[in-house]
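Asks: Listed below are the residues making up each chain.
Protein chains: 2
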Amino acid sequence: MRIAVCQTNPIIGDIDGNKEEIKRLYTLASGEGADLAVFPELSLLGYPPLDLVEKREFREYAEKASLELAEHTNSNTGLIFGSLHEDNDNIGTNIFNSAWFCHSGKVQLIQHKTLIPNYDVFDEMRYFESAKETFVVEFKGRNLGISICEDIWNDKDYWKIRLYPEDPIEKLMKKGANLLINISASPYSYGKREEKHEMLSRLAMKYDADLVYTGCAGAQTDLIFDGASMCYNRKGELLGLGAFFREDFFLIDTESKASSIHPIERDFAEEVHDALELGIKDYCRKLNFKKVLVGLSGGMDSALVVYLAVKALGAENVMAVLMPSQYSSGGSITDSVKLAENLKINYKTISIEPVFQSVTDVLQPAFEGKAADITEENLQSRIRGLYLMALSNKFGYLLLTTGNKSEIATGYATLYGDMCGALAVIGDLYKTDVYRVAEIINRDEEIIPREIIEKEPSAELRHNQKDSDSLPVYETLDKILKMYLEENKELNEIGELTGDPQLVRRVLSMVDRNEFKRKQAAPVLRVSYKAFGYGRRYPIVQKWSRK
Amino acid sequence: MRIAVCQTNPIIGDIDGNKEEIKRLYTLASGEGADLAVFPELSLLGYPPLDLVEKREFREYAEKASLELAEHTNSNTGLIFGSLHEDNDNIGTNIFNSAWFCHSGKVQLIQHKTLIPNYDVFDEMRYFESAKETFVVEFKGRNLGISICEDIWNDKDYWKIRLYPEDPIEKLMKKGANLLINISASPYSYGKREEKHEMLSRLAMKYDADLVYTGCAGAQTDLIFDGASMCYNRKGELLGLGAFFREDFFLIDTESKASSIHPIERDFAEEVHDALELGIKDYCRKLNFKKVLVGLSGGMDSALVVYLAVKALGAENVMAVLMPSQYSSGGSITDSVKLAENLKINYKTISIEPVFQSVTDVLQPAFEGKAADITEENLQSRIRGLYLMALSNKFGYLLLTTGNKSEIATGYATLYGDMCGALAVIGDLYKTDVYRVAEIINRDEEIIPREIIEKEPSAELRHNQKDSDSLPVYETLDKILKMYLEENKELNEIGELTGDPQLVRRVLSMVDRNEFKRKQAAPVLRVSYKAFGYGRRYPIVQKWSRK
Numbered sequence: 000m001r002i003a004v005c006q007t008n009p010i011i012g013d014i015d016g017n018k019e020e021i022k023r024l025y026t027l028a029s030g031e032g033a034d035l036a037v038f039p040e041l042s043l044l045g046y047p048p049l050d051l052v053e054k055r056e057f058r059e060y061a062e063k064a065s066l067e068l069a070e071h072t073n074s075n076t077g078l079i080f081g082s083l084h085e086d087n088d089n090i091g092t093n094i095f096n097s098a099w100f101c102h103s104g105k106v107q108l109i110q111h112k113t114l115i116p117n118y119d120v121f122d123e124m125r126y127f128e129s130a131k132e133t134f135v136v137e138f139k140g141r142n143l144g145i146s147i148c149e150d151i152w153n154d155k156d157y158w159k160i161r162l163y164p165e166d167p168i169e170k171l172m173k174k175g176a177n178l179l180i181n182i183s184a185s186p187y188s189y190g191k192r193e194e195k196h197e198m199l200s201r202l203a204m205k206y207d208a209d210l211v212y213t214g215c216a217g218a219q220t221d222l223i224f225d226g227a228s229m230c231y232n233r234k235g236e237l238l239g240l241g242a243f244f245r246e247d248f249f250l251i252d253t254e255s256k257a258s259s260i261h262p263i264e265r266d267f268a269e270e271v272h273d274a275l276e277l278g279i280k281d282y283c284r285k286l287n288f289k290k291v292l293v294g295l296s297g298g299m300d301s302a303l304v305v306y307l308a309v310k311a312l313g314a315e316n317v318m319a320v321l322m323p324s325q326y327s328s329g330g331s332i333t334d335s336v337k338l339a340e341n342l343k344i345n346y347k348t349i350s351i352e353p354v355f356q357s358v359t360d361v362l363q364p365a366f367e368g369k370a371a372d373i374t375e376e377n378l379q380s381r382i383r384g385l386y387l388m389a390l391s392n393k394f395g396y397l398l399l400t401t402g403n404k405s406e407i408a409t410g411y412a413t414l415y416g417d418m419c420g421a422l423a424v425i426g427d428l429y430k431t432d433v434y435r436v437a438e439i440i441n442r443d444e445e446i447i448p449r450e451i452i453e454k455e456p457s458a459e460l461r462h463n464q465k466d467s468d469s470l471p472v473y474e475t476l477d478k479i480l481k482m483y484l485e486e487n488k489e490l491n492e493i494g495e496l497t498g499d500p501q502l503v504r505r506v507l508s509m510v511d512r513n514e515f516k517r518k519q520a521a522p523v524l525r526v527s528y529k530a531f532g533y534g535r536r537y538p539i540v541q542k543w544s545r546k
Numbered sequence: 000m001r002i003a004v005c006q007t008n009p010i011i012g013d014i015d016g017n018k019e020e021i022k023r024l025y026t027l028a029s030g031e032g033a034d035l036a037v038f039p040e041l042s043l044l045g046y047p048p049l050d051l052v053e054k055r056e057f058r059e060y061a062e063k064a065s066l067e068l069a070e071h072t073n074s075n076t077g078l079i080f081g082s083l084h085e086d087n088d089n090i091g092t093n094i095f096n097s098a099w100f101c102h103s104g105k106v107q108l109i110q111h112k113t114l115i116p117n118y119d120v121f122d123e124m125r126y127f128e129s130a131k132e133t134f135v136v137e138f139k140g141r142n143l144g145i146s147i148c149e150d151i152w153n154d155k156d157y158w159k160i161r162l163y164p165e166d167p168i169e170k171l172m173k174k175g176a177n178l179l180i181n182i183s184a185s186p187y188s189y190g191k192r193e194e195k196h197e198m199l200s201r202l203a204m205k206y207d208a209d210l211v212y213t214g215c216a217g218a219q220t221d222l223i224f225d226g227a228s229m230c231y232n233r234k235g236e237l238l239g240l241g242a243f244f245r246e247d248f249f250l251i252d253t254e255s256k257a258s259s260i261h262p263i264e265r266d267f268a269e270e271v272h273d274a275l276e277l278g279i280k281d282y283c284r285k286l287n288f289k290k291v292l293v294g295l296s297g298g299m300d301s302a303l304v305v306y307l308a309v310k311a312l313g314a315e316n317v318m319a320v321l322m323p324s325q326y327s328s329g330g331s332i333t334d335s336v337k338l339a340e341n342l343k344i345n346y347k348t349i350s351i352e353p354v355f356q357s358v359t360d361v362l363q364p365a366f367e368g369k370a371a372d373i374t375e376e377n378l379q380s381r382i383r384g385l386y387l388m389a390l391s392n393k394f395g396y397l398l399l400t401t402g403n404k405s406e407i408a409t410g411y412a413t414l415y416g417d418m419c420g421a422l423a424v425i426g427d428l429y430k431t432d433v434y435r436v437a438e439i440i441n442r443d444e445e446i447i448p449r450e451i452i453e454k455e456p457s458a459e460l461r462h463n464q465k466d467s468d469s470l471p472v473y474e475t476l477d478k479i480l481k482m483y484l485e486e487n488k489e490l491n492e493i494g495e496l497t498g499d500p501q502l503v504r505r506v507l508s509m510v511d512r513n514e515f516k517r518k519q520a521a522p523v524l525r526v527s528y529k530a531f532g533y534g535r536r537y538p539i540v541q542k543w544s545r546k
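As given, the protein sequences belong to chains A and B, one line each in that order.
For the first sequence, numbering that gives the first Met the number 0 begins at 0 and goes up steadily by one.
For the second sequence, numbering that gives the first Met the number 0 begins at 0 and goes up steadily by one.
Same shape as in the complex, but just chain A (with noise of 0.2 Å):
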């Protein structure tokens, strides 16, 4: 069987510019001779809907276009798409999250999802009902099993603990499918392919069934979606691979050969690099924003944003914007030029001197003689906020703000000051990670200079001040942030584990006490298993770590 695989990169919402794309993969793959063109979840609508999907006009207006995609079908290629479905017991949400199976015209079935993830970033089950029923469906003598995403990721012989009892896998197999087919929108994070090529390859060769899973390319605010859509034959190899973080259309035949090809994920660097860089893309591309701006400190973080912005966007839409202080290196303002001349893009001085007198002088009355301390500090990073969001409003620029993971973990940011910005691009990185993804930026010439590089970090917001003031030293602090965040550990775990409890406690107090910044923060671009944002929830008021 011939089939035209559709990676493509939805905008959440748009389900007439949707169905436009799906309509012309669909001709295009027909053009081609394919039996079968097969898009991802929820190609239709975008994923994640989000509570878009309670609205009942948005659903009778995906339905309707279901509908029309429908008809638009031959009796030659098949068209596996994915939409929401509504049935009507009143007894729960009634909706369903489905692959909508069509060919000469007419909807020929529905298959809605089983197993409905609710973890992490998945809120599926505030939305829609698991399945009733799995169908096998003959078409030009496959029998297919259709499926989605989470649906194919509970196999009993391969995972320890399963999220799940049902398998609607097991089930497909059992009424007779011989080739799988799965719709997903799954999130990447580093070292997810590999696991999803492991997993899904032993399942083709444990049923002994050809196997196609379609992914979806692209960013959804926070979300990054890596593509990668993977075809495999009855012995698990790998037939055909889509493109990592670029939508991607391609034809395999379930009967040709094995290809060479393998989907193993590249260096760490490599992979965050290229998934940042679409973030920042599509945040503005769907959003229709043409130009961004990134204050530059000389620092490292903003350093990689700017590139990152350049590599997005290109060099003529990204202005950066440098504020010096009294507190600024020499170093901080030679640097950054030199990095926006490396990069070619346009940038402003403007000082924070003045700004900074003006209103200590004026808050001086009311500061009723206290002495300095972190409110001036504070001030400074505002003050640089304020210029930024002025020229953001002025000239239309979006502002990418350029906290890393382990500052935005411990509280080591200035809410309305640093933390301004409409998208946290390295928010996930920790601020070893940082170093390593500007290693490769830096391989074949100097881009980002080796003293932005080298110098030690520093928020220079007062004199000779230096990050390691206030936090521990960053390998340190990343391995414990790590643990804590990522793999669910806690005080005692991580405290035996390393050796000094009394830091650890220290770092997961400041952590805990800073969830009410992160609650203001921007999006965090997702590239780790567990990032800050929709996928971490935890009360602002609590008490657990103060125990």
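In short, the hints are calculated from the structure, not lab data.
A hint or two may mislead.
Copies of the same chain are indistinguishable here, so a pair counts whether it falls within one copy or spans any two.
Unchecked claim - With a cut-off of at most 30 Å between alpha-carbon atoms, the simulated BS3-like pairs for lysine-lysine come out as follows:
#, residue 1, residue 2
1, Lys-290, Lys-131
2, Lys-280, Lys-369
3, Lys-22, Lys-454
4, Lys-478, Lys-290
5, Lys-310, Lys-347
6, Lys-516, Lys-290
7, Lys-54, Lys-343
8, Lys-518, Lys-105
9, Lys-131, Lys-174
10, Lys-280, Lys-518
11, Lys-516, Lys-347
12, Lys-139, Lys-516
13, Lys-105, Lys-170
14, Lys-54, Lys-105
15, Lys-22, Lys-139
16, Lys-159, Lys-465
17, Lys-63, Lys-159
18, Lys-516, Lys-280
19, Lys-516, Lys-529
20, Lys-191, Lys-518
21, Lys-131, Lys-170
22, Lys-290, Lys-173
23, Lys-159, Lys-54
Dock chain B against chain A, hints included.
Replies: Relative to the frame of chain A, chain B by itself:
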């Protein structure tokens, strides 16, 4: 049977503190001859504990504390409190939201919750599995049927549309229960108490059973719990009613005569007044903040917030800041001063003019001759934010933000400007509702100056600016917003109902376009069926409303 209803106000994650409070009230109940002391849902952990539940050390600590509470019981008085419990079948989360029933130093029954809510502010399927079985337990001659919160909200005779196929209460009754105990943590929204009373009363009647419903009191960041525990005899008559918006402890005897009390919700303004006062009080108390700061604009919103802060924390703990500009009307200052004097609070007056001048001078070259626009309006708002945050930092006062629901909905607010602050006190009140609450405040004497109530709403960011320059009149706007936000109606339906589809399209598009601001907004105290924040989840990048 003599039952002590223990309507507590736990702090999330403060397992030790909550445990001591349960012990204290259990001992009190036992001393007063109670047969049973009943506490709210997850009373040992605080509700909602969110992702704390995913931490193994947290769960183990909770289990240990639960067992300690069991050991503390004697044979005269049963104890029912809320905690979690784990099993280990290796499928699903293996964690349950449970009612622990203990006496004679032992755990007698751990009844898990059957119906796991996962809509609006509820995310429980993220953490908890559903009970596999319900048990009736005999105690002192009565058959107790214990259930947890949502379990009691699915009666097929009461609800036309049900969320779940099962009904654990029906099961308990079939197993011979004659005393129903429901332990709850059910966030307040206006109108809910009345409905709850109606439902519980009918249920007691239907099943000819006594019914004790224990709610918790207090605020947990954005969620407010109104207490209002309700006890019924088998005729559905009320025997006891907990205090509203505060902790309570009372005894009822299931054999006693019905009381003449009735848990009717009071006037909207009175209810909301008490709810918001509690919201401020608990946010500060549970985070160890004593004092708060409010910027007074001379308008109605900040007047209401500062009044509520005084009610919650006392005049001595509230500081007001007046920050006039060239666009401030004379009244803005004199009215604010009058308000501060009426409330007997300290205030500071700090002009934003010198800093505004300094910022615009410094930015002028960067602005490249572009005309004044929204940038300069936002700048004024952001300079005020800068002042307020500086004072907050310098004195350790918590900043309260003053935006109302109509503003937050339409984005008529400045990010990092007037949106600065730790808690959005009236962010769930439409502008028209703000006036309703103001009216009762002035019932006995003029606390909020009439001038403030009667002046036309204005942001005062340019000469003679009025809110009505940018927004429809609030009566119209709020009607549209309510249909959109709370009733989930959409473009076509609201267009038909209001007869002005063009205006509706404009308003809905404002709401959707401003999702990015709300992503970075302070937590909003929830008093309506659908508040901004945790219970409302929309993609920032989406095109539905732009279709």
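Asks: Decide, hint by hint, whether the structure agrees.
Replies: The hints, checked one at a time:
| no. | hint | in the structure |
| --- | --- | --- |
| 1 | Lys-290 - Lys-131 | neither (48 Å within a copy, 55 Å between copies) |
| 2 | Lys-280 - Lys-369 | between (46 Å within a copy, 28 Å between copies) |
| 3 | Lys-22 - Lys-454 | neither (53 Å within a copy, 56 Å between copies) |
| 4 | Lys-478 - Lys-290 | neither (36 Å within a copy, 37 Å between copies) |
| 5 | Lys-310 - Lys-347 | within (20 Å within a copy, 48 Å between copies) |
| 6 | Lys-516 - Lys-290 | both (27 Å within a copy, 19 Å between copies) |
| 7 | Lys-54 - Lys-343 | neither (46 Å within a copy, 48 Å between copies) |
| 8 | Lys-518 - Lys-105 | neither (47 Å within a copy, 41 Å between copies) |
| 9 | Lys-131 - Lys-174 | both (15 Å within a copy, 29 Å between copies) |
| 10 | Lys-280 - Lys-518 | both (24 Å within a copy, 20 Å between copies) |
| 11 | Lys-516 - Lys-347 | both (29 Å within a copy, 26 Å between copies) |
| 12 | Lys-139 - Lys-516 | neither (57 Å within a copy, 51 Å between copies) |
| 13 | Lys-105 - Lys-170 | within (26 Å within a copy, 44 Å between copies) |
| 14 | Lys-54 - Lys-105 | within (26 Å within a copy, 49 Å between copies) |
| 15 | Lys-22 - Lys-139 | within (21 Å within a copy, 70 Å between copies) |
| 16 | Lys-159 - Lys-465 | neither (46 Å within a copy, 63 Å between copies) |
| 17 | Lys-63 - Lys-159 | between (42 Å within a copy, 27 Å between copies) |
| 18 | Lys-516 - Lys-280 | both (26 Å within a copy, 20 Å between copies) |
| 19 | Lys-516 - Lys-529 | both (18 Å within a copy, 24 Å between copies) |
| 20 | Lys-191 - Lys-518 | both (27 Å within a copy, 28 Å between copies) |
| 21 | Lys-131 - Lys-170 | both (12 Å within a copy, 23 Å between copies) |
| 22 | Lys-290 - Lys-173 | neither (54 Å within a copy, 66 Å between copies) |
| 23 | Lys-159 - Lys-54 | between (38 Å within a copy, 20 Å between copies) |
Hint compliance for this structure: hints 1, 3, 4, 7, 8, 12, 16 and 22 are not met, and every other hint is.
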